[in-house]
Amino acid sequence: MKTLAHAALALPTHISLAHGGGGQLTDDLIRDTILPRIGNDTLNELMDSAILDVPAGHRIAFSVDGYVVHPTCFPGGDVGRLAICGTVNDLAVVGGRPAGIALGVIAEEGCRRDLLERVLDSAGEAAREAGVFVVTGDTKVVGRGAGDGIYLTSAGVGFVPHGRNLRAARVQPGDAILINGPIADHGLSVMLAREMPELESAIESDAAPLNHLIEDLLSELRDDVVFLRDPTRSGLAGVGADLAVACGHRVVFEEERIPVRPSTRHAANLLGLDPLEVANEGKVVAVVRATASDHALAVWREHPRGREACLIGHVESVPAQMPPRCELFTRIGGRRLLAKPYGEQLPRIC
Amino acid sequence: MRLAEKIPLWLDLIAAVAERRDDTVRLMEVCGTHTMSIFRSGIPSLLPDNLKLLSGPGCPVCVTSQGDIDRILAVAQLPVVTCSYGDMLRVPGQDGSLESARAKGSDVCVVYSALDSVRMAQAQPTREFVFAAVGFETTAPATAAAVLEARRLKLRNWSVMCSHKRVVPALHALFAADTTRIDGILLPGHVSVILGSNVYRALPSLYDFPMVIAGFEDWQIVEAVARLMELAAGRQMVLENMYPEVVTPEGSIHAQQLLRVVFQLGDAEWRGLGNIPDSGLILAPAFDDFDAGRRYGVRPIEGREHPACRCGEIITGLVQPSDCKLFGTACTPVHPLGPCMVSSEGTCQAWFKYHRHEVAKREAAKL
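Those protein sequence lines, which keep their order, are chains A and B. First residue of the first sequence: 63, per this note's numbering; consecutive thereafter. First residue of the second sequence: 13, per this note's numbering; consecutive thereafter.
Hints in this document: simulated from the structure, not taken from any laboratory. Nothing here was measured: the structure is a model prediction, and the numbers come from that model. Each hint should be verified, as a subset may be incorrect.
[To be verified] Which residues of chain B face chain A? A partial, calculated answer using Cβ under 7 Å:
| id | residue |
| --- | --- |
| 1 | ILE55 |
| 2 | ALA342 |
| 3 | PRO345 |
[Stated by the list, open to error] Quick list of in silico lysine to any residue cross-link-like pairs, SDA-like style, CA-CA up to 20 Å:
| id | chain 1 | residue 1 | chain 2 | residue 2 |
| --- | --- | --- | --- | --- |
| 4 | B | LYS18 | A | PHE391 |
| 5 | B | LYS64 | B | ARG52 |
| 6 | A | LYS402 | B | LYS64 |
| 7 | A | LYS402 | B | ASN253 |
| 8 | B | LYS166 | B | ALA135 |
| 9 | B | LYS64 | A | GLY395 |
| 10 | B | LYS116 | A | ALA208 |
| 11 | B | LYS337 | B | LEU349 |
| 12 | A | LYS202 | A | LEU97 |
| 13 | A | LYS402 | B | THR344 |
| 14 | B | LYS18 | A | GLY207 |
| 15 | B | LYS18 | A | GLY395 |
| 16 | B | LYS18 | A | THR392 |
| 17 | A | LYS402 | B | PRO345 |
| 18 | A | LYS402 | B | HIS367 |
| 19 | B | LYS18 | A | ARG393 |
| 20 | A | LYS202 | A | ARG229 |
| 21 | A | LYS402 | B | LYS166 |
| 22 | B | LYS64 | B | GLU31 |
| 23 | A | LYS402 | B | GLY340 |
| 24 | B | LYS18 | B | ARG368 |
| 25 | A | LYS402 | B | GLY98 |
| 26 | B | LYS116 | A | GLY207 |
| 27 | A | LYS402 | B | ALA342 |
| 28 | A | LYS402 | B | ARG52 |
The beta carbon of each residue, even a glycine, is placed where N, CA and C say it ideally should be.
With the hints as extra help, turn the sequences into a complete structure.
Below, the structure written as structure tokens:
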């Protein structure tokens, strides 16, 4: 009886402001709720900073991102999984091997503890998938109404081996553009969960850590991989438009080659969205030398996150007097601009 | 034959007919979804130079008059929750937009259907909700259903700011004005699902050009354009329904009934077309209680458009976006000055988004 009563006291069902105060309750929350889910030797020391050994000859990649997705949980993931995958992928696309993650939790007063547990479970699972540790963290609680359940911030450090040089400036006409699978699942999973919660959607977010997939490609193809980018917010269109400007060439995607699952395409139509502009969290676009594209596809298709990898376009030189741009070769043989979306994606009227 | 093999044949047919003409062939679509589909699929890049696809008054946001937009913005200044379709959010009024009003503290909520706003009003009885109803006969039945639902629930905290419009009177006004020479019309799919194909039957012979009801897939549009070229070349001024799987001669009786119960016909102000008698759907007197204009005393506002904005002429096919000196300079999707640049179905936004380098190239070639 005594043990049960103690447990009930130690593990309240809702997060209160006191859990973020830095006192005994914060310690309890860290010990009982956080460490069992994402703990490891480094984190468990609860030092003010984690200390990482940098392998000789490596440079450091360093990235940070905030995660404020609404709803907190959606088919295929939640904010915890996103926070790990997003930062791991940001490190991986510049050639970094993720070495440690810092995770900041901002919970809203009244947030259910089981929601926090689920989010941390997901973060822990994603970190194990990526083979990276959360090495330091922070917990804050804001007043009711000042947040939306749980926000996370994750920063990450990655080690970039000597000689890796992934830059848009290296992209040349003739290069091939690949992607590791179907697009738009993440954005539509979240949009449907938000806008049509009554609909039981079969679309699952693709949120996944891609560092192993990327590492396989880089170690096999080395210099033949010239540029990597994860098409998150603003989607494939955003990556294409940015890349065109950054490399100064014409980036051409072929509509017919871009994989979109039928259910995802249907949902996009329903919401009036263009799958090319919708966010992904488990996809990476690679620009490789044309001669290496078959090899690259073979390497990716060996990997569970790259089974549906395919060639989706190529880089062309820009005709005289034309600015660099991204174009779509449509399935009926037309050509049109592919521009970056403007801001919030607005549903259409009819 | 497979579809993929048919498209080149249709394109060949279009090119052949265009080649026999020494002037420019002008076809008009009157549906925002067609506009989007045409540009998204790159159809303009496949057409001969002397074939122009004009976008008529088919984008609901674009044809909404400045006065109606300002009335909605006036409501948003009141202590109410203004519920709007997403496309309306950034349309500029005399003083800001719903989006900027929201940033300054107004309660503005994007909804996907009129009924969503009724549900919200039901769930939050202490707050007042106003639904900004715009659109043609496609969205009007949903507004009608919402009004009936609000009455059934005896809601006192929900009302509607109604600017619904009817497509057919606008077509008459546009064609009768005879300012735009048109060789054929691509009639909208969605509106026709509601209205049925019979409502257009008298139009082709009256105005002397062929009309085709078409679906929204890229191939359906190419097929319809090819058919229009063929009909125009043969001087066959007829109506053809190329979307019969969803468009019937009578349309949706249920939706039409909803419209008849909840609305009555009234004059409406259209951007570009002016006042058109009987082209508006206004709440029938039995539903006065749900009229937001009446409830909050928001009077009709004399709209003032941006003096250099040519959206009105663009909607009526008189000029193209590139003819407007604001296009792509002062007026862009990020800083829109006119509704055609705001709406995702607006002609200017489609041009800017999918076509602007082609515009630049042609302009450069002219110099």
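Each hint tested on the structure:
{"no.": "1", "hint": "ILE55", "verdict": "6 Å, holds"}
{"no.": "2", "hint": "ALA342", "verdict": "16 Å, violated"}
{"no.": "3", "hint": "PRO345", "verdict": "5 Å, holds"}
{"no.": "4", "hint": "B:LYS18 to A:PHE391", "verdict": "18 Å, holds"}
{"no.": "5", "hint": "B:LYS64 to B:ARG52", "verdict": "16 Å, holds"}
{"no.": "6", "hint": "A:LYS402 to B:LYS64", "verdict": "26 Å, violated"}
{"no.": "7", "hint": "A:LYS402 to B:ASN253", "verdict": "36 Å, violated"}
{"no.": "8", "hint": "B:LYS166 to B:ALA135", "verdict": "13 Å, holds"}
{"no.": "9", "hint": "B:LYS64 to A:GLY395", "verdict": "19 Å, holds"}
{"no.": "10", "hint": "B:LYS116 to A:ALA208", "verdict": "18 Å, holds"}
{"no.": "11", "hint": "B:LYS337 to B:LEU349", "verdict": "12 Å, holds"}
{"no.": "12", "hint": "A:LYS202 to A:LEU97", "verdict": "16 Å, holds"}
{"no.": "13", "hint": "A:LYS402 to B:THR344", "verdict": "13 Å, holds"}
{"no.": "14", "hint": "B:LYS18 to A:GLY207", "verdict": "58 Å, violated"}
{"no.": "15", "hint": "B:LYS18 to A:GLY395", "verdict": "12 Å, holds"}
{"no.": "16", "hint": "B:LYS18 to A:THR392", "verdict": "16 Å, holds"}
{"no.": "17", "hint": "A:LYS402 to B:PRO345", "verdict": "11 Å, holds"}
{"no.": "18", "hint": "A:LYS402 to B:HIS367", "verdict": "13 Å, holds"}
{"no.": "19", "hint": "B:LYS18 to A:ARG393", "verdict": "13 Å, holds"}
{"no.": "20", "hint": "A:LYS202 to A:ARG229", "verdict": "37 Å, violated"}
{"no.": "21", "hint": "A:LYS402 to B:LYS166", "verdict": "46 Å, violated"}
{"no.": "22", "hint": "B:LYS64 to B:GLU31", "verdict": "13 Å, holds"}
{"no.": "23", "hint": "A:LYS402 to B:GLY340", "verdict": "15 Å, holds"}
{"no.": "24", "hint": "B:LYS18 to B:ARG368", "verdict": "29 Å, violated"}
{"no.": "25", "hint": "A:LYS402 to B:GLY98", "verdict": "19 Å, holds"}
{"no.": "26", "hint": "B:LYS116 to A:GLY207", "verdict": "18 Å, holds"}
{"no.": "27", "hint": "A:LYS402 to B:ALA342", "verdict": "19 Å, holds"}
{"no.": "28", "hint": "A:LYS402 to B:ARG52", "verdict": "14 Å, holds"}
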